[in-house]
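Q: Protein chains in written order, with UniProt numbering: chain A, 1 to 339; chain B, 1 to 339; chain C, 1 to 339.
It should be emphasised that the hints constitute simulated quantities derived from the structure, not laboratory data. Nothing here was measured: the structure is a model prediction, and the numbers come from that model. A few of these clues could be false.
Identical copies carry no separate label here, and so any pair may be met within one copy or between two of them.
Claimed, not checked - Result set (BS3-like, lysine-lysine): computed pairs, CA atoms no more than 30 Å apart in a straight line:
1. K328 to K281
2. K296 to K315
3. K157 to K299
4. K131 to K242
5. K245 to K157
6. K127 to K315
7. K330 to K157
8. K37 to K226
9. K131 to K150
10. K157 to K296
11. K245 to K335
12. K151 to K330
13. K226 to K242
14. K139 to K328
15. K307 to K296
16. K127 to K226
17. K296 to K281
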Amino acid sequence: MSETESQATASSLQICRIMRPDDANIVGNVHGGTILKMIEEAGCIIGTRHCNTQPGDRCAAQLARVERTDFLYPMFIGEVAHVSAEITYTSNHSVEVQVQVMSENILTGSMKMTNRATLWYVPFSLKDVGKVTEVPPIKYANPEQEEEGKKRYEAQKMERLETKERNGEQLMPVSAPEPYTVGFSQSSLIHLVGPSDCTLHGFVRGGVTMKLMDEVAGIVAARHCKTNIVTASVDAINFHRKIMKGCVVTVSGRATFTSNKSMEIEVFVDADPLIEAEKEKYRAVTAFFTYISLDKENKPLPIPALKLEGEEDQKHFEEGKARYLQNKAKRLADKQRQQ
Amino acid sequence: MSETESQATASSLQICRIMRPDDANIVGNVHGGTILKMIEEAGCIIGTRHCNTQPGDRCAAQLARVERTDFLYPMFIGEVAHVSAEITYTSNHSVEVQVQVMSENILTGSMKMTNRATLWYVPFSLKDVGKVTEVPPIKYANPEQEEEGKKRYEAQKMERLETKERNGEQLMPVSAPEPYTVGFSQSSLIHLVGPSDCTLHGFVRGGVTMKLMDEVAGIVAARHCKTNIVTASVDAINFHRKIMKGCVVTVSGRATFTSNKSMEIEVFVDADPLIEAEKEKYRAVTAFFTYISLDKENKPLPIPALKLEGEEDQKHFEEGKARYLQNKAKRLADKQRQQ
Amino acid sequence: MSETESQATASSLQICRIMRPDDANIVGNVHGGTILKMIEEAGCIIGTRHCNTQPGDRCAAQLARVERTDFLYPMFIGEVAHVSAEITYTSNHSVEVQVQVMSENILTGSMKMTNRATLWYVPFSLKDVGKVTEVPPIKYANPEQEEEGKKRYEAQKMERLETKERNGEQLMPVSAPEPYTVGFSQSSLIHLVGPSDCTLHGFVRGGVTMKLMDEVAGIVAARHCKTNIVTASVDAINFHRKIMKGCVVTVSGRATFTSNKSMEIEVFVDADPLIEAEKEKYRAVTAFFTYISLDKENKPLPIPALKLEGEEDQKHFEEGKARYLQNKAKRLADKQRQQ
Numbered sequence: 001m002s003e004t005e006s007q008a009t010a011s012s013l014q015i016c017r018i019m020r021p022d023d024a025n026i027v028g029n030v031h032g033g034t035i036l037k038m039i040e041e042a043g044c045i046i047g048t049r050h051c052n053t054q055p056g057d058r059c060a061a062q063l064a065r066v067e068r069t070d071f072l073y074p075m076f077i078g079e080v081a082h083v084s085a086e087i088t089y090t091s092n093h094s095v096e097v098q099v100q101v102m103s104e105n106i107l108t109g110s111m112k113m114t115n116r117a118t119l120w121y122v123p124f125s126l127k128d129v130g131k132v133t134e135v136p137p138i139k140y141a142n143p144e145q146e147e148e149g150k151k152r153y154e155a156q157k158m159e160r161l162e163t164k165e166r167n168g169e170q171l172m173p174v175s176a177p178e179p180y181t182v183g184f185s186q187s188s189l190i191h192l193v194g195p196s197d198c199t200l201h202g203f204v205r206g207g208v209t210m211k212l213m214d215e216v217a218g219i220v221a222a223r224h225c226k227t228n229i230v231t232a233s234v235d236a237i238n239f240h241r242k243i244m245k246g247c248v249v250t251v252s253g254r255a256t257f258t259s260n261k262s263m264e265i266e267v268f269v270d271a272d273p274l275i276e277a278e279k280e281k282y283r284a285v286t287a288f289f290t291y292i293s294l295d296k297e298n299k300p301l302p303i304p305a306l307k308l309e310g311e312e313d314q315k316h317f318e319e320g321k322a323r324y325l326q327n328k329a330k331r332l333a334d335k336q337r338q339q
Numbered sequence: 001m002s003e004t005e006s007q008a009t010a011s012s013l014q015i016c017r018i019m020r021p022d023d024a025n026i027v028g029n030v031h032g033g034t035i036l037k038m039i040e041e042a043g044c045i046i047g048t049r050h051c052n053t054q055p056g057d058r059c060a061a062q063l064a065r066v067e068r069t070d071f072l073y074p075m076f077i078g079e080v081a082h083v084s085a086e087i088t089y090t091s092n093h094s095v096e097v098q099v100q101v102m103s104e105n106i107l108t109g110s111m112k113m114t115n116r117a118t119l120w121y122v123p124f125s126l127k128d129v130g131k132v133t134e135v136p137p138i139k140y141a142n143p144e145q146e147e148e149g150k151k152r153y154e155a156q157k158m159e160r161l162e163t164k165e166r167n168g169e170q171l172m173p174v175s176a177p178e179p180y181t182v183g184f185s186q187s188s189l190i191h192l193v194g195p196s197d198c199t200l201h202g203f204v205r206g207g208v209t210m211k212l213m214d215e216v217a218g219i220v221a222a223r224h225c226k227t228n229i230v231t232a233s234v235d236a237i238n239f240h241r242k243i244m245k246g247c248v249v250t251v252s253g254r255a256t257f258t259s260n261k262s263m264e265i266e267v268f269v270d271a272d273p274l275i276e277a278e279k280e281k282y283r284a285v286t287a288f289f290t291y292i293s294l295d296k297e298n299k300p301l302p303i304p305a306l307k308l309e310g311e312e313d314q315k316h317f318e319e320g321k322a323r324y325l326q327n328k329a330k331r332l333a334d335k336q337r338q339q
Numbered sequence: 001m002s003e004t005e006s007q008a009t010a011s012s013l014q015i016c017r018i019m020r021p022d023d024a025n026i027v028g029n030v031h032g033g034t035i036l037k038m039i040e041e042a043g044c045i046i047g048t049r050h051c052n053t054q055p056g057d058r059c060a061a062q063l064a065r066v067e068r069t070d071f072l073y074p075m076f077i078g079e080v081a082h083v084s085a086e087i088t089y090t091s092n093h094s095v096e097v098q099v100q101v102m103s104e105n106i107l108t109g110s111m112k113m114t115n116r117a118t119l120w121y122v123p124f125s126l127k128d129v130g131k132v133t134e135v136p137p138i139k140y141a142n143p144e145q146e147e148e149g150k151k152r153y154e155a156q157k158m159e160r161l162e163t164k165e166r167n168g169e170q171l172m173p174v175s176a177p178e179p180y181t182v183g184f185s186q187s188s189l190i191h192l193v194g195p196s197d198c199t200l201h202g203f204v205r206g207g208v209t210m211k212l213m214d215e216v217a218g219i220v221a222a223r224h225c226k227t228n229i230v231t232a233s234v235d236a237i238n239f240h241r242k243i244m245k246g247c248v249v250t251v252s253g254r255a256t257f258t259s260n261k262s263m264e265i266e267v268f269v270d271a272d273p274l275i276e277a278e279k280e281k282y283r284a285v286t287a288f289f290t291y292i293s294l295d296k297e298n299k300p301l302p303i304p305a306l307k308l309e310g311e312e313d314q315k316h317f318e319e320g321k322a323r324y325l326q327n328k329a330k331r332l333a334d335k336q337r338q339q
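Excised from the complex, chain A in its bound form:
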């Protein structure tokens, strides 16, 4: 490769990719988040590359700030997104990357600029965690360019300080439940159903639902135990009502019972047909997951006992205990029959 090419790659970068069904909503509009992710990937590559163009500690560029970004035109499935990134300013410890996104319709040849973004990166040493490294300076075409970059740098620095302070106070009203209570580990997630989650009918695959259920149950278990936890069993699951493409699924989990070596988590799946205003949210699936906690040799650890608060917790615990004893008895019976 000629020297000019090597220099070119050092200060600019092009990424492109075809937009797929999974990148977009059901109408075919590419999610803003898909575009933001590509923008940041380009920024991260060019930033990390630049900060490693001198001897000394190897480092990785960490995103510190994204300036206000407008989405000028919608992008669609089948179009090619072209992301070009360029380093436009460097201070001692930060890099400014400017990114432009074009959408290309490869069938008609039309091209549109959909985004322009500015990102700030800070290089962190790969050896000393937390240590910020020096940024090698770039060359500017003229003094005005450097001067304007410096202004942008000062402006964002001030704004970052301001929001940092504001951020400290403005914590959302979080009720802080006591450790080992049901409320402490209770968790829920929402998931927007995408094309790859669905069968030919446009209904969510059962396996996708179960994966989300296990994910939530796993987070509940990890929050309760703070150890390496693994799924031990899943109770019978009935899929009463189908969930369609374009729905938002809310999956919630709460601890119901703990024995010495296992904990039971009840998981609920609620479906919300987002766009069809007339239809109501409904409960689609519920199930009980049992988790165990493992040490480094994959041997079971004791589980902290669930702290019950109020009658409802007590009722769920008793029901969980009954299921636990029933399953234990069944396992024993199976074992004896096999002998």
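Got chain A sorted already, so can you dock chains B and C onto it with the hints?
A: This is chains B and C only, laid out in the frame that chain A set:
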């Protein structure tokens, strides 16, 4: 292919896949959800294939029930999961599939049975949505086999009916907020940070965080508007604190302001260092996303006005309005400068 | 954008992407399949774009053949893969795309060429399914360039016809496994084709198929060698028949030949149109993958010799040996020509 082989493929199926970093937790244990998803994929394929082996409507097998499933041994990254599925019973309108999962360590050659599962599928017509089609009968090796299958069928049928009734009552206490209020569209998701979300340092990529933020903001906007919504802009985002591999990220969004043609959503990212008990949950990022609502020709639709309840809503709305007017003025100034 | 830039984008293309944990095996070596998929994405974009540069039916470029591809150096997690594609020949109904892959270590700045590939695409109308459209001719720098392209075109055309015939016969025998026999490492996987696996036509992308083929070949090689194995080369691949959305794809692999330092694996792709009862399972693609085994310093290890059982194994081994010797001779000739 010989006739014996063809028969074999019709009633049994083998899937195998190497377990990857994203299939597992940070310690290397494969998620139960990953295994459940593979089990269901095998069941869905074999069920759909069987139900289409006769003339008439084409159909797709929809999961109706999974029997209690035990995870006998943990599975690890780098192992090969072998999933074999077999049709073991058919009624007029349902198919029983039994699935067995083996984990193979391809470096040592050791194999373990990790799961055994039973799934029930119902075939739905691809033409008439909602129509259940007839299931072609399978041949049994002996009458006992059929008899036992029938018993399992009756048992699960009864249990499904029971839980269906129970499920109707048992709805979680959901406060149902009034449409167009902040509470109505407020949403949050949790995400367990996986290896592919991270940089070389083991910190979450900024682009991954932004994608999750846009996902939540989009759900808030869709819940409020009930139309096709797209990201119009993102305010400056500051990444004050890094998020590590193994954290659980909670991303929450709430509507703050609506103009005629746009709505603003505030998004919060909180990180929870799951396993390290001593560390506390902290706010990592916040940002404002602006969405617009589009009709079928991609033209902007009016946005329903946000109903404010209480002082806090009012305060956020005023602040949002100030940002809105400031950005509008800035856009105008930019336009005039360009002319 | 200036006119020169528009022209540049018309006949060449650059893709780049950071390699992540899920792109690689547990030792950190990027899967050959990941690289093949990126190569094909670049080829598909540039091919589709070129075939739509004239008035008439809009069309999508469908992969018809990949010439033999060597993997010159291993690539690792954290490196950036740069894929550049260029159209190098056009006939009336096909496009030749040459692709080059470089790996960049953004921490050290080192760059290596890891692959060079040649792909052939055929444009299919988006209106009339099955109709092949006309390809607009490219301009050649000189008559020699066109002449050489024509030779490559004739050569691949003949070879495609030959393999099409051969493809009809071959089927896999299934047997019980003694270590180092063909049966011992033989593997297969099935994959249900989802929306994001497909092109605008609803046909499986060539790159998706090749990634699955490499996955199976990799499992066969790992089972045989029980070490860290990496793709060394792929023989010419012909895509005889298209695979549609909703199909189940079965990908099977078996060892055919071992030399001291490499092993050859034959891979078959069979498509099963799950729902359309009238259509039969058919063989869509076959290819030969060559793997090498690496120690911790990424130096080649000896490969255990394949134990042959019966005449068929012997025949495949002899054929594999012939391919091996032919490729070796070709590499030597290329080397001498370059000196």
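Q: Now look at each hint and say whether the structure bears it out.
A: Okay, the hints, checked on the actual structure:
1. K328 to K281: Neither: 36 Å inside a copy, 37 Å across copies.
2. K296 to K315: Cα proximity of K296 and K315: none, with 34 Å in one copy and 49 Å across.
3. K157 to K299: Answer is neither; intra-copy 38 Å and inter-copy 38 Å both fail.
4. K131 to K242: both (13 Å within a copy, 13 Å between copies)
5. K245 to K157: Both: 27 Å inside a copy, 27 Å across copies.
6. K127 to K315: neither (46 Å within a copy, 46 Å between copies)
7. K330 to K157: So K330 and K157 pass the 30 Å test inside a copy (20 Å) and across (20 Å) alike.
8. K37 to K226: Both. Shortest intra-copy (26 Å) and inter-copy (25 Å) distances satisfy the 30 Å Cα cut-off.
9. K131 to K150: Cα proximity of K131 and K150: one copy only (23 Å, versus 51 Å across).
10. K157 to K296: This pair counts as neither: shortest intra-copy Cα distance 42 Å, inter-copy 42 Å.
11. K245 to K335: Neither way: K245 and K335 sit 43 Å apart in one copy and 41 Å across, limit 30 Å.
12. K151 to K330: both (17 Å within a copy, 17 Å between copies)
13. K226 to K242: between (34 Å within a copy, 20 Å between copies)
14. K139 to K328: neither (35 Å within a copy, 35 Å between copies)
15. K307 to K296: within (27 Å within a copy, 39 Å between copies)
16. K127 to K226: Answer is within: at 28 Å inside a copy they meet the 30 Å cutoff, but 33 Å across does not.
17. K296 to K281: between (42 Å within a copy, 25 Å between copies)
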